[in-house]
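A.B. asks: When we follow full-length UniProt numbering, the leftmost residue of the sequence shown carries the number 1, and every step to the right adds one.
Keep in mind the hints are simulated off the structure, nothing from the lab. Only a predicted model underlies this, so the values are computations on that prediction, with no experimental measurement involved. Some hints could be false.
Simulated crosslink set (DSSO-like; lysine-lysine; CA at most 30 Å straight-line) [claimed, not checked]: (1) K115 with K86; (2) K69 with K46; (3) K187 with K203; (4) K283 with K86.
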Amino acid sequence: MNPQRPANTFRTPPQQGPRPKTGNASAQRPASSGRASSAEKSASGKLAKVRRFIRERPLLERVYWTLLKTFLWLFFGSFAYVIALKYVPVWITPLIVTRWVDTFGTDESSHVYKKWRSYDKISKEAALAVVSSEDQNFPTHWGFDFDEIQDAIKENQTRKRPRGASTISQQVAKNVFLWNGRSYIRKGLEVYFTALIELIWGKKRILEVYLNVAETGPMTFGVEAASQRYYGHSAASLSRDEAARIAAVLPNPRLFSIRKPSNYIQRRTRQIARQMRYLGGQKYIRNL
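Work the whole structure out from these sequences, hints included.
C.D. replies: Spelled out as structure tokens, the structure:
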């Protein structure tokens, strides 16, 4: 006699009880949904009124579309320009044009000293020197050094001459894409272009451009032009002291001189050289 087989509980469908009664779906919705829907309707109604207001005025509609198209052209154009300059040497900048125009009607020579050199053909002592003097957190920040900005704000409350806190990335964005001056519009564009070049170019390209476009003397731009003009040799063979002296004049290259350094520039050169050793030498910027 075969024993009775146990029931397969995995295949036997469970006993279904009576289904719970469903009430009114609208009654089960949270009370806030009604307020949210009314707010959405109000917003869409206001937007429809604005559109109708613009359509009823052809001149205003034409101005609106012109401004919108201009904004889109500038936005996508600037994006494409930044991408192009990731691979193409930066031969001209607004600062170079400004300095050249300033020579009109003066005894100052209008000849521009500028020679582009790739990052691999520039002494890494020059790269380390500008990082040590201008932006020691350059390898790690994302375009903005917020700690330096906070320190500068605190110090400027008591200083007669305000201290800046611009990073190398911000200086490149300003020199390559923007004009000189102080305004909220220019500062906002500086933030925009700084974020773009950090995203698209990367650290090595930003530093390469900075070493080629930074003003290093009267009508002199880039460390290659400065090295040949003031030291008589290429930037590829710059020594630590020579690179530190170039970096020392960067805050005001039209006032300070590489060829005839003042006591201040000599002291600042020694300070930068010490900072270069303190950071560990060229290995500090090796992995940009």
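A.B. asks: It remains to establish, for every hint, whether it holds in the given structure.
C.D. replies: Structure-based check of each hint:
Of the supplied pair hints, the one linking K115 and K86 holds, its CA atoms being roughly 18 Å apart against a limit of 30 Å. Simply put, K69 and K46 have alpha-carbon atoms about 24 Å apart, close enough for the 30 Å limit, and the pair holds. Using a Cα cut-off of 30 Å, the hinted pair K187 and K203 holds, with the two alpha carbons roughly 21 Å apart. Between K283 and K86 the alpha-carbon distance is near 24 Å, which keeps this suggested pair within the 30 Å criterion.
Consistency note: the structure conflicts with none of the earlier hints.
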